[in-house]
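Asks: For the protein sequence lines, the chains are A and B, in the order given. Using numbering that gives the first Met the number 0, the letters of the first sequence map in sequence onto residues 0 to 446. Using numbering that gives the first Met the number 0, the letters of the second sequence map in sequence onto residues 0 to 432.
Check before you lean on any hint, since a few could be wrong.
Label pairs and their calculated CB-CB ranges [said to hold, decoys possible]:
| # | chain 1 | residue 1 | chain 2 | residue 2 | range |
| --- | --- | --- | --- | --- | --- |
| 1 | B | E378 | A | G400 | 48 to 58 Å |
| 2 | B | E378 | A | E420 | 35 to 45 Å |
| 3 | A | N444 | B | I208 | 26 to 36 Å |
| 4 | B | K371 | A | E365 | 46 to 56 Å |
| 5 | B | T326 | A | D40 | 31 to 41 Å |
A few chain A positions that, by computed beta-carbon distances, are all more than 12 Å from chain B [stated by the list, open to error]:
| # | residue |
| --- | --- |
| 6 | R41 |
| 7 | A48 |
| 8 | P49 |
| 9 | N130 |
| 10 | Y134 |
| 11 | Y187 |
| 12 | A190 |
| 13 | Y318 |
| 14 | E347 |
Don't read these hints as lab results, they were simulated from the structure. Ideal Cβ placement from N, Cα and C applies to all residues, glycine included.
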Amino acid sequence: MSHSTTTPGIVAGRLHPEDYAQHFDDLYPDFDPHEAMVAADRCYFCHDAPCITACPTEIDIPLFIRQIQAGQPEAAARTIFDQNILGGMCARVCPTETLCEGACVREAAEGKPVEIGRLQRYATETLISKNSHPYTRAVPTGKRVAVVGAGPAGLACAHRLAMHGHDVIIHDRREKAGGLNEYGIAAYKAAHGFAQAEVDWLLQIGGITLRQGWTLGRDGTLADLQETYDAVFLGIGLAGVNTLGLDGEAIPTARDAVDFIAELRQTDDLSTLPVGRHVVVIGGGMTAVDAAVQSRLLGAEHVTMVYRRGRDAMGASDYELNHAANEGVKIITNAMPIAIHANGTLREVEFAYTHAGETGLEPTGETFRLRADQLFKAIGQTLDGAPDGLTLDKRKIGADGSGRTARSGVWAGGDCTSGGEDLTVTAVAQGRDAAESIHASLTGNDA
Amino acid sequence: MANLTTNFIGIKSPNPYWLASAPPTDKAYNVERAFKAGWGGVVWKTLGSEGPPVVNVNGPRYGAIWGADRRLLGLNNIELITDRPLDVNLREIKQVKRNWPDRALIISLMVPCDEDSWKAILKQIEDTEADGVELNFGCPHGMSERGMGAAVGQVPEYIEMVTRWVKQHSRMPCIVKLTPNIADIRKPAEAAKRGGADAVSLINTINSITSVNLDDFSPEPMIDGKGAHGGYCGPAVKPIALNMVAEIARSAETRDLPISGIGGVTTWRDAAEFLTLGAGNVQVCTAAMTYGFGIIKELTAGLSHYMDQKGFTSVGQLVGRAVPNVTDWQYLNLNYVTKAKIDQDLCISCGRCYAACEDTSHQAISMSPDRKFEVIDAECVACNLCINVCPVQDCITMEQMPKGATDPRTGEKVGDYANWTTHPNNPMAKAAE
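Based on the sequences and whatever the hints tell you, model everything.
Replies: Shown next, in the form of structure tokens:
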């Protein structure tokens, strides 16, 4: 080991080689069958269960848990996949404490909900690990649908369309399918190549073709797609990033957190990935947490996450923030960046404390500086140019409940649209519902 | 600290907990360990006639039913009576009794249904100085096919006959162990009493198949692809045992017949319940087989603590205390009117009470859009199902309506005690006196 956590600057290999595998392994290992039975036994099988309502994909949670209790995790998996074909990843990345587990009556009763997320993972794993795909296609319809974006929304849409017998061609600008599942979440949430395994498993439905390295606008327009295909679904995510608007932001060591996370996910040997000794992350969402925690896991000595508003306003859940704190990330709230100090290399980031004033967020007048070798910006992503003919809503693509956009024949879902929170599970729900709407439209059964 | 000493038909033991005749009492090694742990007595695993010992299967002997977290709720077995030579058992019994003079040591017996066989075995055990005998008329598998065990216990005349032989040829106290695999438990108890039994013990195990192997299509436990019914015991059988004990305790013919209560005793509470329904002591097996002999500490400490709380100074004060309150349905007070009440502070809004009442009972619970659940008094028949399915203890309670209040369901005022025997809808009703 040539370097350590205290080596100055941005260097790779701060840890013992064997530490990397351990640091980036599953945060929680899968339940074994007995643990799953014990956890499943805690479910009360509530009437009109609140957990179902709290799930954006409305998985029949009491039913799948009962199927685990009854010794058929494969049947439980089917119940999950019927509603959410990416139920495996959702079991890993959903903020369950604000969704199903937050609504669990045992959370209200004891502060200890049924471990729905881990049970869902246990169930889905029984099918995915065996590479056993439970769905078959309907008779081919001869209709062809273009899906743009191979992220959760696009994959969910494609799978449902394929099930209905349509041919789907997924266009994606990246090398691998999966979208944020592959490029945008912390490695320890999708350890052991799960994102690709899930995509491979999902594609077993058949009827789905992947067209990679294809960028909307560069390699074809929306109009081109509409000419070639019977319908188009846009699940293009948010490719743009917000900037701080500070001098010196262009310095290479001040990066967008999403790029850092993507690079980390695509790095096979993490001991070759450089990280600063002093890392500052600006932002309060999941991306900020993932960048901050993974910086620590790579061996950064000091990692500070700074958010301009109070903790309540942070996009990251309490669970995520506690996890970050446990990993040694320092979290500072109510402070906004006002200057980047560099002399060739990044030295410090200067912040001003804030309070809620009459005109919004105002500086209190007190400032402080944080040492920084590396700065990650995680202050939100934006739609990177909307295709023609679409209306925007809150700077995202406007779509109705079934994903229809203002442009006839074009549907959209996931982070690029204005509805719902930017969660994997929301994207899956929107992709699925858009597929049903497209199917109804293509078969002339429009409501 | 309450005195747990019991004197059951003249047999003294430091507490009312005996280990039932079963695998835990098959040999000196186990029984010594039990006595060291603090058990009050044992009923030595059933001895048979002299000669070649019985053989057991060499595959699995037990099947089971589990609750959450694999908590064992019911156990079934196809083991037979002792498979060790008679003389070895007798030698060990004698030595153990000598080592533990303050503990009860009863010998369970099962021999062919002829007087000579019984006479012979009684003579052989006389020398052991054991405190008494228990006649195994209950074992429902294997031995019953050979005309012993439950095959005797299911025919009251045989019970009476054999019991009489035993009393004739032995001066030892005699307990007759009854099988529950019979329509009316009072009949064999009455027969035992007629035969001169000093006590009955019940229940023995219940005929059962615990599960079926759905790959090989055979009952479990499976022996080479086949299974036979076994005897069921453990916590799951307690309600059946309690009823049978109570039936004997409150029957005019058998009410003075001492009872050793058996069936699913796992904690002090189970034991206390048996005692209040008329058992003079209890016998335990499955709980010991599940958790080991160490449970005796909880059993004795718990019973003692309860007795202290209630001001009972001897076990005898507890025996039969609930028997006068075991009655027939026709004498239950039809003017005892209660209504379920949901404590909104305790309610966690799971809706199980609603589903149970709406789907399977009287549609007496309402559900609001924000998941507030309330009892509709005008529909509630006080069936208690909501309480039984509610996961929160004491969240739903039954509130008694005071006399003179109007029951919104029937529109009638709550009156004085009145039962079915005088009810106007009863064609057999007698005029109230």
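Asks: Look at each hint and say if it fits the structure.
Replies: Each hint, compared with the structure:
A hinted range of 48 to 58 Å for the beta carbons of E378 of chain B and G400 of chain A is inconsistent with their spacing of about 38 Å. For the pair E378 of chain B and E420 of chain A, the supplied restraint of 35 to 45 Å holds, since their beta-carbon distance comes to about 42 Å. For N444 of chain A and I208 of chain B, the Cβ-Cβ distance of about 51 Å falls outside the hinted range of 26 to 36 Å, so the restraint is violated. One distance hint, 46 to 56 Å for the beta-carbon pair K371 of chain B and E365 of chain A, holds here, with the actual separation near 48 Å.
A hinted range of 31 to 41 Å holds for the C-beta pair T326 of chain B and D40 of chain A, which are about 37 Å apart. R41 of chain A, annotated as away from the interface, has a beta carbon of chain B within 12 Å; the closest lies near 8 Å. A beta-carbon of chain B is positioned within 12 Å of the beta-carbon of A48 of chain A; the least distance is around 8 Å. Under the 12 Å C-beta cut-off, the non-interface status given to P49 of chain A relative to chain B is violated; the minimum distance is some 7 Å.
Consistency note on N130 of chain A: stated as away from chain B, and its beta-carbon is indeed over 12 Å from all of that chain's, at 24 Å minimum. The non-interface label for Y134 of chain A is consistent with chain B: the shortest C-beta to C-beta separation is roughly 26 Å, beyond 12 Å. Distance to chain B confirms Y187 of chain A as a non-interface residue, since its nearest Cβ pair spans about 29 Å, more than 12 Å. No beta-carbon of chain B is positioned within 12 Å of the beta-carbon of A190 of chain A; the least distance is around 28 Å.
Every C-beta of chain B lies more than 12 Å from that of Y318 of chain A, the closest at about 21 Å, which supports listing it as non-interface. The Cβ of E347 of chain A lies farther than 12 Å from every Cβ of chain B, with a closest approach of about 51 Å, so its non-interface assignment holds.
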